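Undergrad: Working from the sequences, and respecting the hints, build out all of it.
Listed here are the chains, written in short residue letters.
2 protein chains.
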Amino acid sequence: MRYSQVFSKSSKSHPADAESVNAHYLIQGSFVHQEMAGVYTWLPLGLRTLRKVENIIREEMDAIGGQETRMSSLQPKEAWLKTGRWDDTDILFKIPSQTGKEYALGPSHEEIATPLVQDYLISYKDLPVSVYQIATKFRDELRAKSGVMRGREFGMKDMYSFHTTQDDLDRYYERVKQAYLKVFARCGVDVKVTLASGGIFSKKLSHEFQIITPAGEDLLIACPKCIYAENTEVATKKAGEACPNCGTELIETKGVEAANIFDLGTRYTDDFGFKITDEKGEHLPIVMGCYGIGTTRLVGAIVEASHDDKGIIWPKNVAPFAVHIVVLGSKDEAVQATTNAAADKLYAELMAAGVEVLIDDRTGLSAGEKFADADLLGMPVRVVVSEKSLKNDAFEVKLRSSAEAMMVPVAEGVAQIKALI
Amino acid sequence: MRYSQVFSKSSKSHPADAESVNAHYLIQGSFVHQEMAGVYTWLPLGLRTLRKVENIIREEMDAIGGQETRMSSLQPKEAWLKTGRWDDTDILFKIPSQTGKEYALGPSHEEIATPLVQDYLISYKDLPVSVYQIATKFRDELRAKSGVMRGREFGMKDMYSFHTTQDDLDRYYERVKQAYLKVFARCGVDVKVTLASGGIFSKKLSHEFQIITPAGEDLLIACPKCIYAENTEVATKKAGEACPNCGTELIETKGVEAANIFDLGTRYTDDFGFKITDEKGEHLPIVMGCYGIGTTRLVGAIVEASHDDKGIIWPKNVAPFAVHIVVLGSKDEAVQATTNAAADKLYAELMAAGVEVLIDDRTGLSAGEKFADADLLGMPVRVVVSEKSLKNDAFEVKLRSSAEAMMVPVAEGVAQIKALI
Chain W
1 MRYSQVFSKS
11 SKSHPADAES
21 VNAHYLIQGS
31 FVHQEMAGVY
41 TWLPLGLRTL
51 RKVENIIREE
61 MDAIGGQETR
71 MSSLQPKEAW
81 LKTGRWDDTD
91 ILFKIPSQTG
101 KEYALGPSHE
111 EIATPLVQDY
121 LISYKDLPVS
131 VYQIATKFRD
141 ELRAKSGVMR
151 GREFGMKDMY
161 SFHTTQDDLD
171 RYYERVKQAY
181 LKVFARCGVD
191 VKVTLASGGI
201 FSKKLSHEFQ
211 IITPAGEDLL
221 IACPKCIYAE
231 NTEVATKKAG
241 EACPNCGTEL
251 IETKGVEAAN
261 IFDLGTRYTD
271 DFGFKITDEK
281 GEHLPIVMGC
291 YGIGTTRLVG
301 AIVEASHDDK
311 GIIWPKNVAP
321 FAVHIVVLGS
331 KDEAVQATTN
341 AAADKLYAEL
351 MAAGVEVLID
361 DRTGLSAGEK
371 FADADLLGMP
381 VRVVVSEKSL
391 KNDAFEVKLR
401 SSAEAMMVPV
411 AEGVAQIKAL
421 I
Chain F
1 MRYSQVFSKS
11 SKSHPADAES
21 VNAHYLIQGS
31 FVHQEMAGVY
41 TWLPLGLRTL
51 RKVENIIREE
61 MDAIGGQETR
71 MSSLQPKEAW
81 LKTGRWDDTD
91 ILFKIPSQTG
101 KEYALGPSHE
111 EIATPLVQDY
121 LISYKDLPVS
131 VYQIATKFRD
141 ELRAKSGVMR
151 GREFGMKDMY
161 SFHTTQDDLD
171 RYYERVKQAY
181 LKVFARCGVD
191 VKVTLASGGI
201 FSKKLSHEFQ
211 IITPAGEDLL
221 IACPKCIYAE
231 NTEVATKKAG
241 EACPNCGTEL
251 IETKGVEAAN
261 IFDLGTRYTD
271 DFGFKITDEK
281 GEHLPIVMGC
291 YGIGTTRLVG
301 AIVEASHDDK
311 GIIWPKNVAP
321 FAVHIVVLGS
331 KDEAVQATTN
341 AAADKLYAEL
351 MAAGVEVLID
361 DRTGLSAGEK
371 FADADLLGMP
381 VRVVVSEKSL
391 KNDAFEVKLR
401 SSAEAMMVPV
411 AEGVAQIKAL
421 I
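Residue numbers (our numbering), protein chains in the order written: chain W, 1 to 421; chain F, 1 to 421.
Derived by calculation from the structure, the hints in this document are not laboratory data.
One or more of the hints may lead you astray.
Since the list gives no way to pick one copy over another, a pair counts as held whenever it fits inside one copy or between any two copies.
[Stated by the list, open to error] In silico DSBU-like cross-links for lysine-lysine, where the CA-CA straight-line distance does not exceed 35 Å:
(1) Lys331 x Lys125
(2) Lys145 x Lys101
(3) Lys177 x Lys145
(4) Lys101 x Lys82
(5) Lys77 x Lys94
(6) Lys101 x Lys12
(7) Lys177 x Lys101
(8) Lys125 x Lys316
(9) Lys182 x Lys418
(10) Lys177 x Lys345
(11) Lys316 x Lys101
(12) Lys418 x Lys12
(13) Lys182 x Lys125
(14) Lys418 x Lys52
(15) Lys331 x Lys280
The model shown is predicted, which means the values in this text are computed figures rather than measured ones.
TA: Laid out in structure tokens, this is it:
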């Protein structure tokens with residue numbers, strides 16, 4: 001993509017009201033645009049990352065038998081009355097219609113998913129079933145905060161599984177946990193899993209996935225080696241004690257909750273009278289699990305976990321582009337033409353080799369301004385094409401995560417850059 | 001995909017309240033699930049088609065320089081007051097919040113796109129700009145009707161372009177028109193383009209894209225050869241007259257509107273004070289175009305245009321799967337095992353060859369029931385694996401669009417089936 005043609009370029013100054021690192025960099029780099037408090041439009045660069053995150057999640061949910069759907073955001077009031085959540089849920093947007101009806105605007109989809117699966121199930125042999133979607137959610141938060149981390153409108157992957165026995169749910173719950181660990185590993189973040197503190201599901205199992213970052217809102221006692229962690233609010237261990245999983249010394253650290261999984265038991269299936277008849281003619285209760293990953297929140301958490309004082313350092317699987325070519329300017333027209341031609345050739349060749357490339361082909365900017373943008377935008381590999389580099393018949397190649405640049409011969413450019421990705 | 005494992009299988013009976021062909025087949029085949037009047041959940045099979053339609057549109061919009069975003073559904077009331085549409089738009093859902101604010105739930109995105117692009121534009125040199133999204137829209141229709149064709153919640157690709165001159169807009173408008181023709185050609189439907197009847201944009205250019213189907217809601221005078229058509233409501237020609245484009249005799253036919261494009265002039269840019277300074281220091285007004293394709297509506301229109309009395313006939317680029325393998329049953333366990341093994345082998349080999357395959361591996365159903373489902377679900381190629389076919393060391397292969405089946409030797413199965421796709 002030619003940066004000169006992207007309508008939403010980075011801003012030179014920090015957004016005045018950015019109260020968190022992710023808001024600061026995502027807004028300044030024009031990954032997102034704030035429409036209102038807690039409501040964002042995803043711009044071309046940000047959307048590329050968000051869609052990569054979504055695709056990673058999609059692949060991992062498909063791999064454990066999740067069936068993708070796209071459930072409606074408008075939800076019938078009747079279903080919410082049935083579960084008792086219409087009057088109980090203060091973050092529920094209730095939409096009046098000119099037809100005289102009222103709708104719920106989905107903050108989550110138990111009220112859709114439960115009767116949906118119920119509608120199609122004929123036999124206990126059809127279970128277990130796991131359905132999911134990657135979609136927009138709405139929550140009437142009193143206070144939106146932390147950039148894209150807690151919004152009134154946000155992206156989420158929510159999955160619901162249905163089982164005839166607790167054992168079967170337990171097994172699937174564990175498979176989802178493992179799939180989530182793969183998602184976070186692919187997204188390039190360090191995650192710990194805590195046994196959650198309870199709430200309305202207090203008797204049932206629930207886990208939170210915490211992305212480790214100094215900016216995290218939750219204080220954890222965590223193992224630096226394995227995924228074990230406890231939220232200090234309910235911790236049974238202290239820093240310095242041995243990890244019950246692997247024996248390593250536990251430390252205190254901070255995390256951002258990016259996902260959670262719940263054993264819902266029959267909380268919702270009972271409300272909908274969702275039972276099924278087994279081979280002996282007995283009516284079996286259906287036990288249910290639900291599993292959420294905040295997709296837009298995860299993008300924010302990645303930024304919180306992976307940045308420095310100059311900008312974002314995107315992990316490679318979720319970077320908007322793998323390579324950022326910086327074309328430097330020259331006052332000499334002939335030199336500029338040569339530089340541009342070399343940069344365009346590299347751009348075309350990398351793309352032909354299947355590499356995703358952003359080329360900063362803007363004119364009239366200093367090298368310093370372009371380098372600052374490359375750092376802010378945070379693509380994994382930066383390639384500088386300039387009069388100076390071409391004099392040495394080379395490109396200057398630097399990883400965003402490293403301070404050191406290296407010179408790569410022009411003839412080996414594509415191969416060596418590709419090897420870095 | 002193994003049909004035995006899809007939670008949302010086809011129903012044996014037509015939905016009682018399906019008032020249109022698309023609702024009838026999409027619901028009976030479990031492509032969609034109706035949540036309420038005009039509100040649908042997209043099920044695994046339907047979502048596959050919807051995402052293919054979305055990707056075709058995405059590719060064609062990217063090809064004409066469209067920049068993809070994901071704009072917020074929650075929109076500020078202030079923007080709608082600015083354009084005068086807050087009180088004027090009876091289909092606008094207005095959402096009260098516990099914060100005391102009210103939001104608009106986006107039926108379209110002029111109120112987001114216009115100030116969004118304005119926020120980033122620095123120079124007249126940055127224009128033209130074209131931004132789009134593929135997202136869910138909400139309209140508080142008094143009466144939802146025609147299945148997925150006119151819903152309260154629906155999918156749409158909406159694009160907005162911004163230009164410094166009318167000429168530049170006109171050129172881009174024509175490029176979008178050509179891109180839309182490519183979209184519809186790739187979706188396998190016959191489309192005509194009518195000059196629209198006006199409305200609030202009456203002085204400005206607007207075109208509708210009509211998919212030709214006997215079930216269409218609009219009566220057209222159309223050219224059977226080229227894309228020319230007129231809506232009879234405003235027609236200047238009669239059936240039998242010569243097409244002004246190509247001279248062919250015009251006929252009367254019916255169409256479903258699946259897309260439209262508008263020259264909006266400065267209707268919205270004026271409201272937001274969106275002007276830009278040219279090289280002479282003059283403040284240029286910005287002219288704007290908007291371009292919509294109903295994505296969920298297009299899926300419905302495809303069904304309306306491509307079906308018979310047994311079910312859907314998916315055009316190949318938008319079929320959920322290219323191939324539907326029907327595994328027939330046998331009372332003889334050994335025969336059944338041989339049949340299953342041959343079917344599973346074909347299934348694995350086709351998938352390894354990059355072919356998308358649905359395999360109906362359900363047990364306990366008759367051949368007639370399975371054939372009826374294959375016709376209803378409408379994948380382009382049906383392959384029957386049975387004791388009878390395997391006795392001839394062959395598969396029975398039939399196109400959904402054809403009545404004749406042919407026998408394909410097992411050894412040539414993958415190659416010959418692939419050649420049909």
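Undergrad: Each of the hints needs a verdict: does it hold here or not?
TA: Status of the hints after comparison with the structure:
Proximity of Lys331 and Lys125 under a CA criterion of 35 Å is satisfied inter-copy only: 21 Å between copies versus 74 Å inside one chain copy. For a Cα distance limit of 35 Å, the shortest separation of Lys145 from Lys101 qualifies both inside one copy, at 32 Å, and across copies, at 17 Å. In this assembly of identical chains, the alpha carbons of Lys177 and Lys145 lie at most 35 Å apart only when taken from the same copy (28 Å versus 42 Å across copies). For the identical chains of this complex, Lys101 and Lys82 are neighbours both inside a copy (16 Å) and across copies (28 Å), given an alpha-carbon limit of 35 Å.
Proximity of Lys77 to Lys94 under the C-alpha cut-off of 35 Å is found in both arrangements, the shortest distances being 9 Å within a copy and 17 Å between copies. In this homomeric assembly, Lys101 and Lys12 come within 35 Å of each other (Cα to Cα) only across copies, at 32 Å, whereas the closest approach inside a single copy is 48 Å. In this homomeric assembly, Lys177 and Lys101 never come within 35 Å of each other (Cα to Cα): the closest approach is 39 Å inside a single copy and 39 Å across copies. Taking CA atoms no more than 35 Å apart as the test, Lys125 paired with Lys316 passes between copies only; the shortest distance there is 33 Å, against 42 Å inside one copy.
Within a single copy, Lys182 and Lys418 get their C-alpha atoms as close as 24 Å, and across copies as close as 34 Å, so both meet the 35 Å cut-off. Proximity of Lys177 and Lys345 under a CA criterion of 35 Å is satisfied inter-copy only: 32 Å between copies versus 45 Å inside one chain copy. In the homo-oligomer, the alpha carbons of Lys316 and Lys101 never lie at most 35 Å apart, since the shortest distance is 47 Å inside one protomer and 40 Å across protomers. Proximity of Lys418 and Lys12 under a CA criterion of 35 Å is satisfied intra-copy only: 31 Å inside one chain copy versus 53 Å between copies.
For the identical chains of this complex, Lys182 and Lys125 are intra-copy neighbours only, at 29 Å inside a copy versus 45 Å across copies, given an alpha-carbon limit of 35 Å. In this homomeric assembly, Lys418 and Lys52 come within 35 Å of each other (Cα to Cα) both inside a single copy, at 19 Å, and across copies, at 30 Å. With identical chains, the CA atoms of Lys331 and Lys280 are at most 35 Å apart between copies only, with a shortest distance of 24 Å across copies and 86 Å within one.
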